[in-house]
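Chains V and G, in that order, are what the protein sequence lines are. Position 6 (the first sequence) corresponds to 9 in our numbering; numbering is contiguous. Position 23 (the second sequence) corresponds to 26 in our numbering; numbering is contiguous.
List time: in silico SDA-like cross-link candidates among lysine to any residue, alpha-carbon distance up to 20 Å:
no.	chain 1	residue 1	chain 2	residue 2
1	V	Lys232	G	Ser17
2	G	Lys265	V	Leu43
3	V	Lys232	G	Gln13
4	G	Lys265	V	Arg44
5	V	Lys232	G	Glu12
6	V	Lys232	G	Pro21
7	G	Lys265	V	Pro46
8	G	Lys265	V	Gln54
9	V	Lys232	G	Asp18
10	G	Lys265	V	Arg24
11	V	Lys204	G	Arg19
12	V	Lys232	G	Asp47
13	G	Lys48	V	Gly219
14	V	Lys232	G	Arg16
15	V	Lys232	G	Met20
16	V	Lys232	G	Arg19
17	V	Lys338	V	Ala263
18	G	Lys265	V	Gly49
19	V	Lys232	G	Leu15
20	G	Lys265	V	Val48
21	V	Lys194	G	Lys48
22	G	Lys265	V	Gln47
23	V	Lys204	G	Arg16
24	V	Lys232	G	His22
25	V	Lys232	G	Ile23
26	G	Lys257	G	His112
27	G	Lys265	V	Phe52
28	V	Lys204	G	Asp18
Cβ pair distances, simulated, as ranges:
no.	chain 1	residue 1	chain 2	residue 2	range
29	G	Asp240	V	Val250	55 to 61 Å
30	G	Pro26	V	Arg256	45 to 51 Å
31	V	Leu183	G	Trp267	26 to 32 Å
Short derived list, chain V residues pointing at chain G, Cβ under 7 Å:
no.	residue
32	Glu56
33	Gly217
34	Arg221
35	His223
Treat the hints as calculated values from the structure; they're not laboratory data. A virtual CB, placed ideally from N, CA and C, is assigned to each residue, including glycine.
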Amino acid sequence: MLEFINGDVACAEGAIAAGCRFFGGYPITPSTEIAERMALRLPQVGGAFMQMEDELASIMCVLGASWAGKKAMTATSGPGFSLMQESIGLAAMTETPCVIVDVQRAGPSTGLPTLVAQGDVMQSRFGSHGDYRTIVLAPANAQEMYDLTIRAFNLSERFRTPVIVLSDEVCGHITSGVDLREKVDIENRKKPGSSECLPFKADEDLIPPMAVAGEGYRFHVTGLTHNEKGYPVTSAEVQQALVTRLVDKVEKRKGEIVDAEFFMLDDADMCVIAYGSEAGSAKKAVKMAREKGIKAGLLRPKVLWPLGNFEDYVKDMKKVLVVELNSGQFYSDAKCWNRNTKLLGGYGGELHRPDDILKVMEVF
Amino acid sequence: MVPQEHPLEQLLRSDRMPHIWCPGCGLGTDLGCYLRALSGMDLDKVAFVSGIGCSGRAAGYVAVDSFHVTHGRGIPFAIGLKVANPELTVTVWGGDGDIFAIGGNHFIHAARRNIELNVICINNAIYGMTGGQVAPSTPLRAKTTTTPYGNYEHPFNFSYMAAASGATYVARWTTAHTKELTKSMREALEWKGFSFIEVISMCPTTFGRRNGFADGLEMLKDMKARSEVKNFPDLEDTDIGEKIVVGKFVEKEKRSYLEEVKQWR
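Isolated chain V, as found in the complex (with noise of 0.2 Å):
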């Protein structure tokens, strides 16, 4: 079903695509009408949303929720997405599945609240405190806030680990047609088979099942260092074997995360990285580059954390530019790829127009 909506209306009707069944959040611009979606759609379909106090509480109850097995969601832009930091620690320690989508604008601090940005991709990989991986999905188009979300859910559910949807403000707001679908592929969490849980005790694949509340477990969860009944234990050897499995069920799995779209990219010598709506640009640029006999193409990941293994793609290409808003937050990774990498950043308030990528690229 087609639907004429913007990029954050969508998010939310993947979102409810998904099953995601509770929405705790704070307003704030850009991501607003994610919410406001929310507080219309969840009712209809027996879920509940809050508008809670602030973003501290925001992505708290959203964990709570997640507990009580439900999908649950929050929505914020960098202000907010600052303040969940601590939490999202908390979610990965726990190992909570949830949903994270910020809707990017121009920072640091207040910056330009209804102006574009791609100044958290930093953050929504390594914002919290102490050594953990998020997986980092990029939307660059409405049709993708919504069906990036519902990967976000399946993710979040399959890896039992925080998943960002990292949008920003013209994704959000850029009104499109959205194919609302008819069938979506929805994956859930694991659940313990027998009565004796050891409620973080890995799998083979890693991953515990997930006991949730109200079930009879009498499990305990908590963000200091744990063993697999869930107790904690001031050691580090347990530390080691914690941490290490948390990164390691993302790193060596992210052959099933990572995803990217590849454009003109077989016969070019110059590659062109963008991502988010920077890619729309992009794209034109790269069309624009080939009529004037320029042979480049587009690599546009649509997961941007764990990063994939793009240097197969990108180290024989003669010359590789990296174009985001910010001061290179992408390119800092990318770079290590192929000795021959420039960046086109910017700091945000509008997005690099494609004659200005091009003018970058006829003179590279």
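Dock chain G against chain V, hints included.
Coordinates of chain G only, in the frame set by chain V:
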């Protein structure tokens, strides 16, 4: 002689004993009251949530579904649990710093919503876990490691704040009032709405020894001597000073959060 099972054995994670609390601490007695209040309830449907601090460690010892979360955020986590599964009876247990300093905003909003939570604050007037720093409930002029010349900040009256924010059940007792505290805890567990219990308790290790008390027992006797039972008092007269007014402070009918949600959908 064959040792008999302790009557609270089934309610405690005995494989986690000994606990971390110091000799003379009030927390063990306070938690004992809570466990007695729980007896007879469907324990599979009870969830226990705490934040950070000495009080926060209680979640690790109670043998129900239990959650030890980020500092000050026990209440919003508990809200998620309760709203996502209204069948659960949810207790939030925390210290004065956790619930009223770093988590104070969540407390007043949860009380405003009259959401079905049972919040128990163990008020020992100090940050114990970190070694004895001034708390929002530390009495004026008390010595702490961050008020070496004496505390110059006025303390909160938590129970008054709870009532003013919309809590529909409020009681205050001290660790010396085990029978009354147990009874209030049971009433709070069964309350349909936001219930709050303030437990005036003692930390001999980080508060008592800097303020003229020899040990926990002396502090306990002192708070008992200073207590005056007054049910439904004028809350303006309940600031903790020479006297500690204790009793049931608030018990009033008001539709709870979940009842309101049903009403409007």
